[in-house]
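*Asks:* Go by the hints and put chain B onto chain A.
2 protein chains.
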Amino acid sequence: MTKFDEATQAIRIDETTYDVCLDPGYSIGGPLNGGYLMAVVLRAVVDDSPFEHPVSTTSQFHRSPAPGPAQVRVERLKAGRTAAFTRATLVQDGVPQIESLVTTATLTGADPVYSDKPGHVMPPLEECVKLPNPKPESNMTLNAQMELSFDPPTIAWLNGGPTGRPESRAYFRMAEPQDPDPFVLALAVDALPPVVFSAGLRGWAPTVDLTWHLRALPAPGLLTLIGGGRLISDGWFDEEVEVWDSAGRLVAQSRQLARVGRG
Amino acid sequence: MTKFDEATQAIRIDETTYDVCLDPGYSIGGPLNGGYLMAVVLRAVVDDSPFEHPVSTTSQFHRSPAPGPAQVRVERLKAGRTAAFTRATLVQDGVPQIESLVTTATLTGADPVYSDKPGHVMPPLEECVKLPNPKPESNMTLNAQMELSFDPPTIAWLNGGPTGRPESRAYFRMAEPQDPDPFVLALAVDALPPVVFSAGLRGWAPTVDLTWHLRALPAPGLLTLIGGGRLISDGWFDEEVEVWDSAGRLVAQSRQLARVGRG
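The listed protein sequences derive, respectively, from chains A and B. Mapped onto my numbering, the consecutive letters of the first sequence carry residue numbers 1 to 263. Mapped onto my numbering, the consecutive letters of the second sequence carry residue numbers 1 to 263.
Rather than coming from a laboratory, the hints here were simulated on the basis of the structure. Honestly, I wouldn't trust all of these hints.
Copies of one chain are not kept apart here, so a pair can be met inside one copy or by any two copies together.
Distance condition first, Cα-Cα at most 35 angstroms in a straight line; then the derived DSBU-like pairs of lysine-lysine [what the hints assert, rightly or not]: (1) Lys3 with Lys130; (2) Lys78 with Lys3; (3) Lys135 with Lys3; (4) Lys3 with Lys117; (5) Lys117 with Lys135.
All values reported here derive from a predicted model rather than from experimental measurement.
So here's chain A without its partners, still in its complex pose (with noise of 0.2 angstroms):
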């Protein structure tokens, strides 16, 4: 069992009622990542389901959990012959932190009959870049637990030289090695940089909902992740990421609509 796999760990203690005990090695400067948190939710969620895949989850953060104990209550909303349908919410100190709507199915993986291509090429790995370690009183956890290369101008804001729009691609493996699988996709999803740091924008930039697709389960090896955005106003802005995995398959999907920082 990887690091990984015991902090999103969810043991079962009644019909409806999963343990979970959230990692401060997840920590995005104080608040825990979503996709971490998303991570967990679905542990809880694919035990309590007859199928396997999360092909569709929905996370509205309420509030923002501490590291430390939580559960996840789930109810089986409708089981049907080929999907099923649960709510799952996060609780910490009987207080509601996350509230979500996963379907699950089971994928077989079989070939597409259609796939688009990514909409942008990545530099070979070698010329990617990584982000400096963070300091340790900035409590940015999360950057150990995972290795992003970035496509060199969307972190070129770090520097002063924002392109000037949402933009944010990068491979992604985790940093103790394991094969991707729907929970490390759940990561990967919310592993990015806000993309609006690109467009010149700084600052905590709190994620309101999170929407995303599992659509095929991934092969082993890198993840590239490509992530923009289409529109910042009235202090909200939308964050999509795709996940292809090594073979060149897309793998997930997701869109988020998160706040313009004020910092």
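*Replies:* Using the frame of chain A, we list chain B on its own:
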């Protein structure tokens, strides 16, 4: 009050329940259109919320309700200073039909900080084509409620010449003159024929879940719907629709996960 306003009316009967009457005029060959049903749900949610604008809506389609009386049950999950979160369930004869999570907030109409352009340029309205009137026995009553004028290649599947990729693009307005509003947009994001028809597939393509974001309040006039998809695989496809208003502004973004038809 337009026919659409009337068909989506929700009348509060107690703290958490609204009476609605599902209109047979929004049928797509038997089942009622998902966008219409979301508009009905949103009437109740917005009435109950301290905020006016449904900025994010996710609906899971569990069952297909029949025309006639139904209820929307709303549960306010959290109301903050600038956004509120609601769970809403469309119930008919005591049986849950559609489960939704909605985030409401207030959009001010400020100028965007950043906006992308539409991915496709539409031909002028006079070069676009309408679908033939459906046969009465098809029970496609939805078509009479709205006027869709299609970018010709994306409707060529009708005459056996699909483009080979998932796409559908059209100008949209209500048949009965009405300025677009968030409820009309809920209808608009699910108003196109399934994008997979252009990829050569046919048959009933039921939506399993749909998430859409209201990004700005639409200006009066024609809407432009730009629909596409990225992957058809394992019996599932994604359909993305962007809605642009007559002022050239991105007003809504949606993605749905749907089943490939068997017909």
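*Asks:* The structure should be examined with respect to each hint, and the outcome stated for every one.
*Replies:* Status of each hint after checking the structure:
1. Taking the shortest alpha-carbon separations for Lys3 and Lys130, only the intra-copy value of 22 angstroms comes in at or below 35 angstroms, while the best inter-copy value is 57 angstroms.
2. In this assembly of identical chains, the alpha carbons of Lys78 and Lys3 lie at most 35 angstroms apart whether taken from the same copy (33 angstroms) or from different copies (33 angstroms).
3. For the homomeric pair Lys135 and Lys3, the shortest alpha-carbon distance inside one copy (22 angstroms) is at most 35 angstroms, but the shortest distance between copies (60 angstroms) is not.
4. In this homomeric assembly, Lys3 and Lys117 come within 35 angstroms of each other (Cα to Cα) only inside a single copy, at 33 angstroms, whereas the closest approach across copies is 43 angstroms.
5. In the homo-oligomer, the alpha carbons of Lys117 and Lys135 never lie at most 35 angstroms apart, since the shortest distance is 37 angstroms inside one protomer and 38 angstroms across protomers.
The earlier numbered hint that this structure contradicts is number 5, and it is the only one.
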